[in-house]
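Number of protein chains: 2
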Amino acid sequence: MEKIRIGILGYGNLGKGVELGIAQNKDMELVGVFTRRSADTLILLTDNAKAYHISEASKMTDIIDVMVLCGGSKSDLPTQGPEFASLFNTVDGYDTHAKIAEYYDKVNQVAAKAKKTCVIASGWDPGMFSLNRLYAEAVLPQGKNYTFWGKGVSQGHSDAIRRIDGVVDATQYTIPNEEAMDKVRSGHMPDFTTRQKHIRECYVVAEEGASLSWIENEIKTMPNYFSDYDTIVHFISQEELDKNHKGMSHGGFVIQSGKTGLNNENSQIIEYSLKLDSNPEFTANALLAYARAAYRLNKEGN
Amino acid sequence: MEKIRIGILGYGNLGKGVELGIAQNKDMELVGVFTRRSADTLILLTDNAKAYHISEASKMTDIIDVMVLCGGSKSDLPTQGPEFASLFNTVDGYDTHAKIAEYYDKVNQVAAKAKKTCVIASGWDPGMFSLNRLYAEAVLPQGKNYTFWGKGVSQGHSDAIRRIDGVVDATQYTIPNEEAMDKVRSGHMPDFTTRQKHIRECYVVAEEGASLSWIENEIKTMPNYFSDYDTIVHFISQEELDKNHKGMSHGGFVIQSGKTGLNNENSQIIEYSLKLDSNPEFTANALLAYARAAYRLNKEGN
Chain A
103 MEKIRIGILG
113 YGNLGKGVEL
123 GIAQNKDMEL
133 VGVFTRRSAD
143 TLILLTDNAK
153 AYHISEASKM
163 TDIIDVMVLC
173 GGSKSDLPTQ
183 GPEFASLFNT
193 VDGYDTHAKI
203 AEYYDKVNQV
213 AAKAKKTCVI
223 ASGWDPGMFS
233 LNRLYAEAVL
243 PQGKNYTFWG
253 KGVSQGHSDA
263 IRRIDGVVDA
273 TQYTIPNEEA
283 MDKVRSGHMP
293 DFTTRQKHIR
303 ECYVVAEEGA
313 SLSWIENEIK
323 TMPNYFSDYD
333 TIVHFISQEE
343 LDKNHKGMSH
353 GGFVIQSGKT
363 GLNNENSQII
373 EYSLKLDSNP
383 EFTANALLAY
393 ARAAYRLNKE
403 GN
Chain B
103 MEKIRIGILG
113 YGNLGKGVEL
123 GIAQNKDMEL
133 VGVFTRRSAD
143 TLILLTDNAK
153 AYHISEASKM
163 TDIIDVMVLC
173 GGSKSDLPTQ
183 GPEFASLFNT
193 VDGYDTHAKI
203 AEYYDKVNQV
213 AAKAKKTCVI
223 ASGWDPGMFS
233 LNRLYAEAVL
243 PQGKNYTFWG
253 KGVSQGHSDA
263 IRRIDGVVDA
273 TQYTIPNEEA
283 MDKVRSGHMP
293 DFTTRQKHIR
303 ECYVVAEEGA
313 SLSWIENEIK
323 TMPNYFSDYD
333 TIVHFISQEE
343 LDKNHKGMSH
353 GGFVIQSGKT
363 GLNNENSQII
373 EYSLKLDSNP
383 EFTANALLAY
393 ARAAYRLNKE
403 GN
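Top to bottom, those sequences are chains A and B.
Using my numbering, the first residue of the first sequence is number 103, and each one after it goes up by one.
Using my numbering, the first residue of the second sequence is number 103, and each one after it goes up by one.
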């Protein structure tokens, strides 16, 4: 069998997940991992694959079929996406929802010129969740779509807590409200406030002597991040945080509540959900499924 | 907006569902319903649409973009599918899983020659469930796929009960085993026996004076249909059956239990489920989403 030759750009959690995912797909092989760091600092898990400095990539367009871009959406992909689309078929997990159309235009312009097939914003949300929202709305046009996230860590919210004076470390879980989900599942089409859909639970390590009540208040009243939510704050030791709250589990739910019938008398519920022990490894596997698609579409001249 | 002009062949529960579904889609309009019966026996719900005898269809190829075939898989579609594929873009819900490849070949041969785009075996299983099985396996190749059906009426099993001596009427529900589903959701990948996955619950109206224990035994020991299942039998009146057990609700679950990680240490669960008040109306809406696809693909020359 001819294997799809994959390159990985970036060797963080997502890049490592892609490396593990390639080993699960018999029609794929890893050619190399590219990094902005010095290549010899990377120790790969895959035999026969090598680490390269990012500057080497442009010389390897003949031996890599798809480059999986594993950088961040904020500072890496906006430049790496268009740059690599001029050299390779690419797949990425760009996830700044509000800027996807703009990012699409940039990547598309380069890819069309270079005759490369590039898949952007894949993964699970955007990605599998987007597909499910679209399909559900196509099948049940009289309806309403609900997305709930969690239970899982929000890196952005954890970071926001860490920036508060007197906080050493923190983990924030986004938790979907079961009552709200059950209401949707029962065929109602409620309008929820932000507060009604998700709960935020925070595990915080404070400096010795810091005022816990002051920190708790700073968290709960933080605009955008917490003030619109019911927020629970637990103070724990660094040891406990490291032991129990550094995992990468996540998940979520897309529920379409639709109506059919002469007078919309019948409720029809479509629900898609994910329960993930490892968010980056699942995302990586979704990216690889799209890598196969990019490879095939490009072969067909698409 | 240019509307997609739809024809319906067959005016049973599914055909009526398609008629109602068209009214929900602003980019579609119903041209006519075709029947083998006398056309004036049909009373349509849609203004401006007419009932026609099936023999009229071949004269209307210019004014119908997609014909939705709403006949049964056993005796209607095997002949109507290929016949109409020579005249129209078509969509059907052919659901004899074991014969789909054979049916595909027959329809494909005719459609390719006539340059028509025909979608077969759409709906929810086969259909949305098939899509979800495929996507889940593509994303989680190290894993196992489980489909549970119900709670919903199985027409085949209800019919089988009705053929027993002394039975006047019957409704059979297929019920997924919650314990089995929870086991899958927890990340285990069990092998289930038929008995462990589904329960069969039967509501039976018996003739006056019939031996209820004999009927119950006939049901529970019926090969293929019931003997491999835990079967519950209730005897009720025709009045109660008509009132509570003639609904068309159905549903089901597709669960992919996958593993990722260096040593498959992480469980990843994808679950897709449907909870339908009206099975034929939901199926009809899925067919219409595919009708739009068939129309567009055909325009693109696909």
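Hints are computed from structural coordinates only; laboratory data are not their basis.
Just to be clear, a hint being listed does not mean it is correct.
[As the list claims (entries may be wrong)] With a cut-off of at most 27 Å between alpha-carbon atoms, the simulated DSSO-like pairs for lysine-lysine come out as follows:
1. LYS253/A <-> LYS285/B
2. LYS246/B <-> LYS217/A
3. LYS215/A <-> LYS253/A
4. LYS128/B <-> LYS361/A
5. LYS201/B <-> LYS161/B
6. LYS215/B <-> LYS128/A
7. LYS215/B <-> LYS401/B
Hint by hint, here is what the structure shows:
1. Of the supplied pair hints, the one linking LYS253/A and LYS285/B holds, its CA atoms being roughly 20 Å apart against a limit of 27 Å.
2. Between the alpha carbons of LYS246/B and LYS217/A the distance comes to roughly 37 Å, so the proposed pair goes past 27 Å and is violated.
3. Distance restraint check for LYS215/A and LYS253/A: the Cα-Cα separation of roughly 42 Å exceeds the 27 Å cut-off, and the hinted pair is therefore not satisfied.
4. Using a Cα cut-off of 27 Å, the hinted pair LYS128/B and LYS361/A holds, with the two alpha carbons roughly 16 Å apart.
5. Between the alpha carbons of LYS201/B and LYS161/B the distance comes to roughly 31 Å, so the proposed pair goes past 27 Å and is violated.
6. This hinted pair does not check out: LYS215/B and LYS128/A have alpha carbons roughly 37 Å apart, beyond 27 Å.
7. As the CA atoms of LYS215/B and LYS401/B are separated by approximately 16 Å, the hinted pair is consistent with the 27 Å bound.
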